[in-house]
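Novice: Protein chains in written order, with the working numbering: chain C, 3 to 148; chain Z, 8 to 89.
Hints listed in this document are in silico derivations from the structure and should not be mistaken for laboratory results. Just so we're clear, the structure is a prediction, and the values are computed from it rather than from any experiment. The beta-carbon is built from N, C-alpha and C at its ideal position, and this holds for glycine as well. Check the hints yourself; a few may be wrong.
Unchecked claim - Mimicking DSSO-like on lysine-lysine, the simulated pairs with C-alpha atoms at most 27 Å apart in a straight line are:
(1) Z:44 / C:136
(2) C:136 / Z:68
(3) Z:44 / C:140
(4) C:140 / Z:68
(5) Z:68 / Z:44
Said to hold, decoys possible - Computed Cβ-Cβ distance ranges for the label pairs, DEER-style:
(6) Z:56 / C:122: 18 to 26 Å
(7) C:33 / Z:51: 28 to 36 Å
(8) Z:51 / C:86: 26 to 34 Å
(9) Z:58 / C:100: 21 to 29 Å
(10) C:47 / Z:8: 47 to 55 Å
(11) C:107 / Z:71: 39 to 47 Å
(12) C:32 / Z:30: 22 to 30 Å
(13) Z:18 / C:120: 40 to 48 Å
(14) Z:70 / C:89: 19 to 27 Å
(15) C:17 / Z:71: 39 to 47 Å
(16) Z:31 / C:49: 31 to 39 Å
The primary structure of each chain is shown beneath.
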Amino acid sequence: MELVQILRSVELFQGLSAPQFERLASLGQRLSFGTDEEVFHQGSVGDRMYVIVGGQVEIHFDQAGVPPLYLGSGQIVGEMALLDQGTRSATVISVADDTEVYSITNTDLMALCQQDTAIGFILMRNMALDLSFKLRVKNLGPTTTG
Amino acid sequence: MIYKVSYVVIGGDYPGGIKNEYERPEPGDVVQIGRVKFRVMEVHEIIPPRDDFQFLHATVKPLHDVAAGETAKPAGKDKLSD
Chain C
3 MELVQILRSV ELFQGLSAPQ FERLASLGQR LSFGTDEEVF HQGSVGDRMY
53 VIVGGQVEIH FDQAGVPPLY LGSGQIVGEM ALLDQGTRSA TVISVADDTE
103 VYSITNTDLM ALCQQDTAIG FILMRNMALD LSFKLRVKNL GPTTTG
Chain Z
8 MIYKVSYVVI GGDYPGGIKN EYERPEPGDV VQIGRVKFRV MEVHEIIPPR
58 DDFQFLHATV KPLHDVAAGE TAKPAGKDKL SD
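Chain C with its partners taken away, still in its complex shape (with noise of 0.2 Å):
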């Protein structure tokens, strides 16, 4: 599949124009990962963000009695580091033999963001959305967290 049919599908890019879909494909790379192998580790330094095109991921935290989460297709992973330059606040591991991900750098998001700012309200508006989705989600159950 195209890679901008499979970002149309992806919450964090709902509102961009199609012309502004093509600048954003072109930035990143896909990426793919078989079961147990590691997008990134908790602690590290976060220089991208991902967006999950297929299979699934696992959400691991270092803490004690913190489950872990599981995130599928068109979830993004890896923003929380893009916002507020932290390290990782988890490890993401792959959980699938065909887990494909869309990862573009810190560097050039925020770059496109402030070439057109039109792009990067879209994104930061979004991005906050996934934020308070996930923050709902936690709030609703126990076993959850993001």
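Starting from the structure of chain C, add chain Z where the hints point.
Specialist: Coordinates of chain Z only, in the frame set by chain C:
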């Protein structure tokens, strides 16, 4: 329409999950979260729909718990991992 679904496990130490579905999950469906399969028990809307998205909260139980005698729709669709 794309359904952004938060799956929350009832009881036990199982993790939950979030994923986009192209069909609305219904009670009785089977979903795979990580390495474990679960039966969907209830589905609720978390927040109003926006653009092409609906935002849902689904409670699920491990299949073996359901099989042990709890109520479930017997012919649920399989919604396995993407």
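Novice: Each hint needs a verdict: does it hold in this structure or not?
Specialist: Verification of the hints:
no.	hint	result
1	Z:44 / C:136	22 Å, holds
2	C:136 / Z:68	20 Å, holds
3	Z:44 / C:140	21 Å, holds
4	C:140 / Z:68	18 Å, holds
5	Z:68 / Z:44	9 Å, holds
6	Z:56 / C:122: 18 to 26 Å	25 Å, holds
7	C:33 / Z:51: 28 to 36 Å	35 Å, holds
8	Z:51 / C:86: 26 to 34 Å	31 Å, holds
9	Z:58 / C:100: 21 to 29 Å	27 Å, holds
10	C:47 / Z:8: 47 to 55 Å	38 Å, violated
11	C:107 / Z:71: 39 to 47 Å	43 Å, holds
12	C:32 / Z:30: 22 to 30 Å	25 Å, holds
13	Z:18 / C:120: 40 to 48 Å	46 Å, holds
14	Z:70 / C:89: 19 to 27 Å	37 Å, violated
15	C:17 / Z:71: 39 to 47 Å	42 Å, holds
16	Z:31 / C:49: 31 to 39 Å	37 Å, holds
Going through the hint list in order, the structure does not satisfy hints 10 and 14.
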